[in-house]
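*Asks:* Starting from the given sequences, assemble the full structure and let the hints guide the process.
Chains as they are written, first to last, in the numbering used here: chain U, 164 to 550; chain X, 63 to 355; chain F, 13 to 297.
If you're looking for bench data, these hints aren't it; they were derived computationally from the structure. There's no promise every hint is true.
Only pairs whose alpha carbons sit at most 20 angstroms apart, straight line, appear in this in silico EDC-like list of lysine to aspartate or glutamate [what the hints assert, rightly or not]:
{"no.": "1", "chain 1": "U", "residue 1": "Lys284", "chain 2": "F", "residue 2": "Glu17"}
{"no.": "2", "chain 1": "U", "residue 1": "Lys429", "chain 2": "X", "residue 2": "Glu249"}
{"no.": "3", "chain 1": "U", "residue 1": "Lys368", "chain 2": "X", "residue 2": "Glu179"}
{"no.": "4", "chain 1": "U", "residue 1": "Lys260", "chain 2": "F", "residue 2": "Glu254"}
{"no.": "5", "chain 1": "U", "residue 1": "Lys260", "chain 2": "F", "residue 2": "Glu17"}
{"no.": "6", "chain 1": "U", "residue 1": "Lys429", "chain 2": "X", "residue 2": "Asp190"}
{"no.": "7", "chain 1": "U", "residue 1": "Lys497", "chain 2": "U", "residue 2": "Asp302"}
{"no.": "8", "chain 1": "U", "residue 1": "Lys462", "chain 2": "X", "residue 2": "Glu179"}
Over 12 angstroms on every C-beta distance to chain F, these chain X residues come out as not near it, computed from the model [said to hold, decoys possible]:
{"no.": "9", "residue": "Leu68"}
{"no.": "10", "residue": "Phe183"}
{"no.": "11", "residue": "Leu187"}
{"no.": "12", "residue": "Ala206"}
{"no.": "13", "residue": "Val208"}
{"no.": "14", "residue": "Thr225"}
{"no.": "15", "residue": "Gly228"}
{"no.": "16", "residue": "Arg229"}
{"no.": "17", "residue": "Ala240"}
{"no.": "18", "residue": "Tyr253"}
C-beta atoms are modelled at their ideal positions from N, C-alpha and C, and glycine is treated no differently.
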Amino acid sequence: MTSAAQFRTAALAAALAACGMTTIANAADIKLGAAEALSGPAGQYGQSIKNGFELAVEEINANGGVKGSKLVLQIEDEAGKKEQAIDVFKKLIFQDKVLMVFGPTLSNSAQAADPIAQAAKTVAFGTSNTADGITSIGDFVFRNSVTEADVLPETLRVSAKVAGIKKVAVLYGNDDVFTKSGYDAFKKALDDMKIPVTTTETFAKGDVDFKAQLTKIKASNPDAIVLSALIAEGAPIMVQARQLGINLPFIGGNGMNSVKIFDLAKDKSDNLWVGSPWALGSQTKENQHFVVAYTQKYKAAPDQFSAQAYDAMSIVAKAIMKIKITGNLETDRKSLRDALPTVTHTGATGAFQFRQAMTKDGKPAGYDAKQAAIVSVTKGGKYLIEK
Amino acid sequence: MLEQQLVNALSLGCVYALFALGFTLIFGVLGVINLSHGAVFMVGAYAALQVVTRFGWSLWASLLAALVVSAAVGLAIDYFVLRPLRKRNAPHLIPMIATIGLAIVFNNAAQGLFGAENLRFPSELVPDAQLHFLGVQISVLEVAIVVLSFALMATLFVVMRKTQLGRALRAIAESPKAAALLGINVEGLFYLTSATAAALGGVSGVLIALYSNAVFPLMGQPMLHKGIAVIILGGMGDIRGALIGGLFLGFAEVMSVAYIGSTMRDAVAFGLLFIVLLLRPQGMFGKVLERKA
Amino acid sequence: MEWFESFWQVYNNLILTIGVNALLALSIWLTLSCGLLAMANAAFMGIGAYTASILTMSAGAPFPLALAGGIAAPTLVALAIGGPTLRLSGVYLAMATLGFGEVVRVLILNAESITGGALGLNGIPQETQWWHVLLAVIVVLLILWRLRRSRIGRAFEAINEDAVAASLMGIAVNAHKMLAFALGAAIAGLAGALNAHLTFFIGPSEFGFDRGVDILTMTILGGTSGLTGPVLGALIITLLPELLRSFRDFRTMLNGAILVLIVLFLPKGLWDPKRLRSWFGRGAH
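*Replies:* Put into structure tokens, the structure is as follows:
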């Protein structure tokens, strides 16, 4: 080829490339961020959440993405530490310029990091934060994790009716935010339902022996034991109770809703009541699809954390469908925030919609989950749904 | 209820004592607060769990495995970390800091290798039988723990007081230099002590894992905190102190749950600890080590 | 300038945390320089953090007053427990102060109505500005530098070497130890108060054994010979999670490994003037 021909070919190639680049720019990827605990003690929850997100993103992109654009999820590790949650939020919002941020995993981290998102007018969407004082931070804070305050009264109501419970003993972990706020919710529900408490006992994270508390509980003669614990302590508690001859039903909070109880407590795991927006055994079409897809991809059964993350991604995708992406980050973030409260979705966790919360001074703030709880009881290594 | 709570206190106290025995042995002979003892405890439990689940060994075999693996880890810690520091005559606090670092490494390695969630021994292997007598209930496992801690304490005590080996160890505890001059194989005995203490830690790890139905990477940490309280109460470096201190702590905890209120449990336990430190800092059986001018 | 503004937006929390950690490392350095391994500084940080936050949140106090409270409270506690505790030495002191840390944690957990118990205090107003932290670090460095060069500083060194000999030489050992202990508590309390007003939220689990180990690591890593060491250590340890982001699970493990390796191979820490001089000063010989 002559040099002039070479030049023309090169120019043509460049022009074609430029057109190609414009086409790609039109279908620009939509960048979403997620700050989750992928290491540290909360690592197992963060991993589940990550799995749920990635499964949803894969499915949405396989179905053509959102308005032709692919979703790109950038997940960073915040190690369950509030300082790192803050740093990661800042990085995702200001440096990586994502459209919105999911997470963080723990409520403590959310309380520290969500104000950053609120001030930056970017949506922060928690899928596992259940404590108080999160959505009251401001109107850019969302969560689809149903709080204990919404679930526990339902669990108590159903179990009391079915098992004929008139008085209970309470046992909870008093040094962990999760179990303590679970206790607060239980206490309020018990007061509301006028169920007397025979005795209230506590334990700490890392305890191995609960016999002192259980002996005292047994002596106080309750009909059931209300237990706000994570599985790590909850399983030994159930085993030691059965060993001491306490064959009463246990009424558990969110922490006890995991198939690990069967593994850890084996034959001592029967007669545990839990409520949750999600149950592995729920036969709805959407949940069955999710369970099968998750098990296929990750070779393990999903849990509540992955289910809520999975649904959260779909909710956000639906909201993005409703808005117009202008390319101006500030405008787009605000449009997303405006569109999100209007989204309703039926996913693995059932019918979902948002409900606005209040700030401490009564002004409208962020958005909580409004979802019905499913109450189940354990029997023979399975959760059986009770109505 | 009181009788049952007393039984509970006995078994809890012996759980603490089992852990503290190895911990106090290292301080007694090497003069080092080994804050990696919790990690060795955890290593023993995981070693036993692995051989049971992977190779299908029996429970007794797994105890042996835990003993061997923990002893090896304890020996390695001594040879690679504590020995260089001894040679350098490092002040006592430096080895303690090093063992903190080792504990972090081991705990996180376990989390990386085995995951953070709780695992448990297959239920067919866990002795589940309960004994009932005089209106109280105690499991076979608890009886084993109680018997073992008393037996170990007695054995170690006899060894320390009545045997040649024990005299050599006590000489080293007094003054390693003088002991070396007397022809005692100081380094060799240090290795022996580290390995034995670690083995004790590992075996107690297995027993407590069976008792509490839980094996997880950070399982040694709460035990370490209790262990610190036990050896302060009982006297750092004293074998009897480990058992008596353990029983004392177990008793204080159970009784405060039963009669004061379980929220106050830790406050009572640490409050007692503080009072002991103020009034008799060397604990029940400890020696006052400081020279006064 | 725009580059700086976006850099600051992303990293300001990190940088201010370095400052707070520098204060903490210096507080432990102070007690170490007097021969005390007091593992209580994390607990003192907690006392300072809670006092300051309660003052701003419940009493509506202005920030300087809250800071003052955050400094005063741990100092008073240190003075109260110092008497009996400082009679102990070496490992006994370390154990006693570790136990004290646990006592504080349990007290915070149980005093629910004031401290929020396990749920912590949420919604602390973000009052800390960059210049607060900078000023605090500079002032503390100045105080410690002057202290080192004074008679008190030399007394600390003597006590560190051999407490008995020092007392025979007429140095009031107990009074000096108390000074180091209480001043260390004051600095740790200041750090706690500043940190609380930076991160919106504090909880009881942040001021326990893990935090104590972190602070100790920073000082040991950086070097105990002088004031530069702790600051350097704080810088490295704070940045490490950011720098090691790709290492995921193994980041904490690396922290532990660093502690062991430094103790074994660089006993005086990274910033060791003698060793550096021997490396770089060869030319002068």
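*Asks:* Are the hints correct? Go through all of them and say.
*Replies:* To see whether the hints hold, each was checked on the structure:
1. Lys284(U) x Glu17(F): Given that 20 angstroms is the threshold and the Cα spacing comes to 17 angstroms, the pair holds.
2. Lys429(U) x Glu249(X): Not OK: Lys429(U) and Glu249(X) at ~48 angstroms, beyond 20 angstroms, violated.
3. Lys368(U) x Glu179(X): Roughly 14 angstroms separates the two Cα atoms, so the pair holds.
4. Lys260(U) x Glu254(F): Judged against 20 angstroms, a Cα distance of about 18 angstroms means the pair holds.
5. Lys260(U) x Glu17(F): holds, 15 angstroms
6. Lys429(U) x Asp190(X): It holds: about 12 angstroms lies between the C-alpha atoms, which stays within 20 angstroms.
7. Lys497(U) x Asp302(U): holds, 11 angstroms
8. Lys462(U) x Glu179(X): Holds - the C-alpha atoms of Glu179(X) and Lys462(U) are around 17 angstroms apart, at most 20 angstroms.
9. Leu68: Given a closest Cβ separation of 25 angstroms, the condition holds.
10. Phe183: holds, 25 angstroms
11. Leu187: Holds: least Cβ distance 30 angstroms, greater than 12 angstroms.
12. Ala206: holds, 30 angstroms
13. Val208: holds, 26 angstroms
14. Thr225: holds, 27 angstroms
15. Gly228: holds, 23 angstroms
16. Arg229: Correct as stated: the minimum Cβ-Cβ distance to chain F is 25 angstroms, above 12 angstroms.
17. Ala240: holds, 20 angstroms
18. Tyr253: Check passes; 18 angstroms lies beyond 12 angstroms.
When the structure is compared with the earlier hints, a violation turns up for hint 2 alone.
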